[in-house]
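Enquirer: Next come the chains, spelled out residue by residue.
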Amino acid sequence: MKNIFALIAGLLFGAGLIISGMTNTAKVQGWLDVFGAWDPTLAFVMGGAMIPMAIAWAFTKNRSPIAGGSFPARPDPKLGRNLIIGSTLFGMGWGLAGLCPGPSIASLGYGGQNLWIFVIAMAAGMFAAPRVRASMDRMIPAE
Amino acid sequence: MQIDWIYGLIGGLLIGTGGAVYLLGNGRIMGASGIIGGLVDGSGWSTAVERIIFLVGVFAAPLVVLQFWDRSETNITSNVTQLVVAGLLVGIGTRIANGCTSGHGVCGISRLSLRGIVATVFYILAGGLTMAILRHVMGWI
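Those protein sequence lines, which keep their order, are chains A and B.
Counted from 1, the first sequence has number 107 at position 107 by this note's numbering; the numbering is strictly sequential.
Counted from 1, the second sequence has number 1030 at position 30 by this note's numbering; the numbering is strictly sequential.
Everything labelled a hint here was simulated from the structure, so no lab data went into it.
Small disclaimer: the values here were computed from a predicted structure and weren't measured.
Just so it is clear, CB atoms sit at the ideal spot from N, CA and C, and this is done for glycine as well.
Please note that the accuracy of each hint is not assured.
If you want a taste of the chain A side facing chain B, the calculated C-beta under 8 Å gives, among others [said to hold, decoys possible]:
#	residue
1	ALA26
2	GLY36
3	TRP38
4	PHE59
5	PHE71
6	ALA97
7	GLY111
8	ASN114
9	PHE127
10	VAL132
Same shape as in the complex, but just chain A:
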C-alpha cells in the first residue's frame, strides 16, 4: 500500500515538474533573475501546488494516514542557524545551475550527462552534509 502511494506521488510529482517547465533551468534562473527578463512561471507552480497541499493538511486533522502510522507533527518552530545557512547555500547552488533536487531527478532520464554530473555532485554533497554540520557545530557552538 505504502509503495503504491509512493509510486503515484512520484509519478504526479515528476509529471508536474516537466509540464510546469521547472525541468527547464532557464525558467528557474529566469524567476531568480529579477534584474533581467524576469519569468514569473515559478510563482504559478508554487501557487498551484499549494492548493491541493493546503486541502490535504486540513484533511489530516483528527485522522490517520491511509497506510497507517501517524501524520508528521508540527516541527519545532525554532528557526536556528542550520535552517538559515543551509537554505542560503542551497539557494546559491539553485541559482548557479537552475536546478533543485526534484527537477534534477525528473530530467535525469533524458537530459544527458550534464544532469548526471549535477546529481552525482548533489549526492556527494548530501553524503558530506552530516560532517559539514558537525564541523560547523565545532567551530561555532550551536545556539
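Position chain B against the provided structure of chain A, taking the given hints into account.
Expert: Chain B alone, transformed into the frame defined by chain A:
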C-alpha cells in the same frame, strides 16, 4: 511565453496532488532532498523501498510525458565546474536546512510552517543574489 503560466499552474496542481497523496496515504512529507538524502547518508534505509519507488516515479513520469509532448528542453550548462559546485551546494545546503523547494516550499508553506516560509525566503534571496552577481555583475552565466 503567454501560456507558460497555465502550464505552470497545471504542473503545480499535479505536484501538489502528489504531495497530498504522499501525505494522506503514507503520512509523510514529499520533500525531494529528504527522500534522496535519507538514501544517500543511510538515515532513511528503513524506508528505502518506499523512497526508491517514489524516485522511480519522478524519473519515469517525464519520459511518458515526452512521448506526447516534446518538452525535453533543459538548457542546462555544460560547464563541469559550475555543475559540480552547484550540485555540492544544493546537496549540502538542503540537508543542513532539512528541506528544499518541495519540502520547505510546497509542503511547509501550505501548512503555514514558519520554518518553511523562512527557508523559502532565504533560498530565493540567495538564488536571486547569485543570479544578480554572476549574470549582471560578473557576466559569467
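Enquirer: Hold the hint about A:ALA97 up to the distance rule: shortest CB distance to chain B must be less than 8 Å.
Expert: Result: holds, 3 Å to nearest chain B Cβ.
Enquirer: Classify the hint on A:PHE71 as holds or violated, based on whether any CB of chain B lies nearer than 8 Å to its CB.
Expert: With a minimum Cβ separation of about 5 Å from chain B (threshold 8 Å), the hint on A:PHE71 holds.
Enquirer: Please verify that hint: A:VAL132, Cβ, nearest Cβ of chain B, below 8 Å or not.
Expert: It holds, given that the least Cβ distance between A:VAL132 and chain B is near 5 Å, below 8 Å.
Enquirer: Hey, does the A:PHE127 contact hint survive, CB to chain B under 8 Å?
Expert: The hint holds - A:PHE127 has a Cβ within 8 Å of chain B, the shortest such distance being about 5 Å.
Enquirer: Given A:PHE59 was flagged as interface, is its beta-carbon under 8 Å from a beta-carbon of chain B?
Expert: Holds, about 6 Å.
Enquirer: Does the nearest C-beta of chain B fall within a distance shorter than 8 Å of the C-beta of A:GLY36?
Expert: holds (6 Å)
Enquirer: Does the CB of A:ALA26 sit less than 8 Å away from some CB of chain B?
Expert: Holds. Min distance 4 Å.
Enquirer: Would you check whether A:GLY111 satisfies its interface hint, that is, whether its CB is within less than 8 Å of any CB in chain B?
Expert: Interface hint status for A:GLY111: holds (5 Å vs cutoff 8 Å).
Enquirer: With 8 Å as the cut and Cβ atoms as the points, is A:ASN114 at the interface with chain B?
Expert: holds (5 Å)
Enquirer: Interface hint check: A:TRP38, Cβ to nearest Cβ on chain B, cutoff 8 Å. Holds or violated?
Expert: violated (10 Å)
In the structure shown, a violation is registered for the earlier hint numbered 3 alone.
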